[in-house]
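Take 31 as the starting number for the sequence shown in the working numbering and just add one per residue.
Everything labelled a hint here was simulated from the structure, so no lab data went into it.
A couple of the hints might just be wrong.
[Stated by the list, open to error] Keeping only pairs whose Cα atoms sit at most 25 Å apart, straight-line, the calculated DSS-like set for lysine-lysine is:
(1) K238 - K178
(2) K591 - K281
(3) K480 - K469
(4) K157 - K459
(5) K601 - K591
(6) K480 - K577
(7) K311 - K321
(8) K459 - K647
(9) K469 - K459
(10) K543 - K502
(11) K174 - K601
(12) K152 - K601
(13) K281 - K584
(14) K230 - K152
(15) K422 - K543
(16) K627 - K647
(17) K586 - K281
(18) K502 - K577
(19) K539 - K422
(20) K502 - K539
(21) K281 - K230
(22) K440 - K548
[Claimed, not checked] Pairwise CB distance ranges (calculated):
(23) R361 - E280: 25 to 35 Å
(24) Y461 - P186: 13 to 23 Å
(25) K372 - L509: 43 to 53 Å
(26) D312 - T344: 51 to 61 Å
(27) L368 - E629: 49 to 59 Å
Cβ atoms here follow ideal geometry from the backbone N, Cα and C, with glycine treated the same way.
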Amino acid sequence: MHRKNCMSKSTKRRRLLEETANVLDNFLEIPPLTSPLSVCVSNVSVNDDLEDNSDLNGIERNISPASASHHSNVIKTININENILNKEINNLEKFTRDNSNCVYSVDDRSETFENFQQLDMKSELSKWAVEYNVPNNTLSGLLKVLKKHDCFSSFPSDARTIHQTNTNTPYSQPIQIKTVSPGIYHHFGLANGIQQTIDKCFSDETIKLVIGVDGLPLAKSSGSTFWPILGYIRQFNQTVFPIGIYWGHEKPGDSNIFMNDFIEEVRDLILNGITVELFNKDKQLVNLKKKIAIDAFCCDVPAKAFLLKTKGHTGFYSCSRCSVQGTFLLRRVCFPDLECSKRTHQDFLNKIQEQHHTPGHITNIINIPDIDVVQNFSIDYMHCVILGVMKKMLMLWKGSGEIGRVGVNKQKLPSNLVKQISTRLISLKKYIPSDFSRKPRSLDELSRWKATELRQFLLYTGPVVLYLQVSKKIYYNFLYLNVAMTIFLSPNFNHLALDAQALMVNFVKQFGKLYGNKFISNNVHSLIHLYDDYEKYGSLDQVSCFKFENYMSKLKKMVRKNEKPLQQVVKRYWEQCNLKFDHETTMYFNNDNIRPKFEKLHTEGPLIRDMASPQYKILILEKIIIKIHSDSDSYASVNTNGETNIIKIVNICYNSLLKKEVILGRKFE
């Protein structure tokens, strides 16, 4: 039905023409695409003129955050160029060119144009609700308010209607739930997850998958728990997707029944391959067949024992990598022996060490083709090193919990020393860049520290705050772990891997002498096996549970009420999968591409010759944020022609000579 509109046709025509002209003007003002980011360095003082930049073309750029304390009055200019495929701009140009006649026929199509605007508004509203996890009753309330306005009178009043229209979410379709005692299970599908998340520029012949399984408590007041089977493709973007989710008030009774759908599907995909839509060499989307391989299972020790039907971490024969036999000291099972034969997949199948296995059970995971249940089950450094060893050391120093009791703890620090270390940690807050998700906290809150905070202490802040605060033996022992993990978490230190292994073995030996063999638990013992994972996978970050833990926090947010949590997650997942977000495919045809983003205009300077506005306070690169007024985010190391310089960034501005944005900074001598 034609709605009453007070705007005349001539006014509509005039406004549409003005909008089109503005869009074209903005499009023409966009600078041409240029080469990837490069660095231009000019050694001049603050008051001197800018030197000739003719010899600066082609210098490669590499910026990484750095911290420092003194700088000189030497100005550096860093040239920021953009080389990206601006898909939206090209589409806008094509739309304007192909539909230019529509501008002059708006009298005949005014109602169609308004309908198009409303349709787009509904789609954007649905995208907004899904992206920010807006509950359906909240969205329904918003729709009812909008309907009161003439412009939105045709909007539906129920959130499910707008989602079903714009995301094709089948709310009326029954959710396929099967019983897995003592709870229920839904299988999303491994193939579906791969097709949803694979990068369109994937070029390898084999899709290597990392699989994670762990428990996720949903409430503190009940035993309501998810056990999700998650996965991601190890190459390229590493986006986590759900394969299947179990829900119940206890964990699954039998891991073979719990994993049955996954094992059957992955067997079929490994044997027959998978067809996915990818770019070919001509950059055209075509259906290509790829091989599938399970590269790693990434779980904590209890989940690994549950899946493989082996003894848990308190068992005498619980090590999944070697045949070490534990000993019982002061009511603890410990593993002081470091010289033991390694397990093999064949040993596992033949049950050479029967005490390692749960009597009368065998895991069906061995039926997955080409699987090695010893080497393909990685040692997750997040649970083993960060939440295990590092937290244990801090608890021993602090004397907290049962583990920190004075009677069995040789290395408890005095309370005033613990306070000094906490004061040092808190004083570092203002120097921690935005690359870190959390700022340091006091040791008084150790029980609430997250894994990222413990990792930050181990790799970055620990060597600083412990210096001259603890004994040399404790400090050097901590540095063994610090240096070894720095190597194992870097993809570029292969030549130092054997040194890291020697440091780990030395750390475990000294750990027993310093704190007592009773504290050499399964986690501490497993440190000597991290070298094998580094040799197989490279950086241990490639096969860690950090990505899975981040996704599980999203799963938890999908549950909006206590009733039917699994069904809620399935519906939220449908909405996210079916919703077509406007995003650009990551283009790996040129891996050097980077998209700078500038924020917060200002006119405060400083400026030197050929520098002009616009000036910005914030620059956002691919993985780096630079803020000129922040002590923690205004320092960077700049690599030019093999030479590394540390600079204090003082401005982000436009170079009228180079016709590009540059970073202005003071060089450290």
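Here is what the structure says about each hint:
1. In summary, the hint linking K238 to K178 is not supported, as the alpha carbons are separated by about 53 Å, beyond the 25 Å threshold.
2. This hinted pair checks out: K591 and K281 have alpha carbons roughly 20 Å apart, not beyond 25 Å.
3. Between K480 and K469, the direct Cα distance comes to roughly 11 Å. Compliance with the 25 Å bound is thereby established for this hinted pair.
4. For the given pair, K157 sits about 36 Å from K459 by alpha-carbon distance, which is inconsistent with the 25 Å threshold.
5. A hinted pair counts as satisfied when its Cα atoms are at most 25 Å apart, and K601 with K591 qualifies at roughly 13 Å.
6. A hinted pair counts as satisfied when its Cα atoms are at most 25 Å apart, and K480 with K577 qualifies at roughly 14 Å.
7. Proposed proximity of K311 and K321 is supported: the alpha carbons are some 19 Å apart, at most 25 Å.
8. Straight-line distance between C-alpha atoms of K459 and K647 comes to about 21 Å, which keeps the hinted pair within the 25 Å bound.
9. With a CA separation close to 6 Å, the supplied pair K469 and K459 stays within the 25 Å bound.
10. Distance check on the hinted pair: K543 and K502 sit about 14 Å apart at the alpha-carbon level, within 25 Å; holds.
11. Distance hint between K174 and K601 is fulfilled; the C-alpha atoms sit about 23 Å from each other, no more than 25 Å.
12. As the CA atoms of K152 and K601 are separated by approximately 19 Å, the hinted pair is consistent with the 25 Å bound.
13. Using a Cα cut-off of 25 Å, the hinted pair K281 and K584 holds, with the two alpha carbons roughly 20 Å apart.
14. A C-alpha spacing of about 28 Å is found between K230 and K152, which places the hinted pair above 25 Å, so the restraint is violated.
15. The suggested pairing of K422 with K543 holds, with an alpha-carbon distance near 15 Å, which does not exceed 25 Å.
16. Using a Cα cut-off of 25 Å, the hinted pair K627 and K647 holds, with the two alpha carbons roughly 11 Å apart.
17. For the given pair, K586 sits about 17 Å from K281 by alpha-carbon distance, which is consistent with the 25 Å threshold.
18. Using a Cα cut-off of 25 Å, the hinted pair K502 and K577 is violated, with the two alpha carbons roughly 36 Å apart.
19. Using a Cα cut-off of 25 Å, the hinted pair K539 and K422 holds, with the two alpha carbons roughly 16 Å apart.
20. About 16 Å separates the Cα atoms of K502 and K539, which keeps this hinted pair within 25 Å; it holds.
21. A distance of roughly 37 Å separates the Cα atoms of K281 and K230; the hinted pair therefore is violated under the 25 Å criterion.
22. With a CA separation close to 12 Å, the supplied pair K440 and K548 stays within the 25 Å bound.
23. R361 and E280 have their C-beta atoms about 27 Å apart, which keeps the hinted 25 to 35 Å range intact.
24. For Y461 and P186, the hinted distance range of 13 to 23 Å is not satisfied, since their beta carbons lie about 52 Å from each other.
25. At roughly 28 Å, the beta carbons of K372 and L509 sit outside the given window of 43 to 53 Å.
26. A beta carbon spacing of about 58 Å between D312 and T344 agrees with the range 51 to 61 Å that was offered as a hint.
27. Between L368 and E629 the beta carbons are some 53 Å apart, a value that agrees with the proposed interval 49 to 59 Å.
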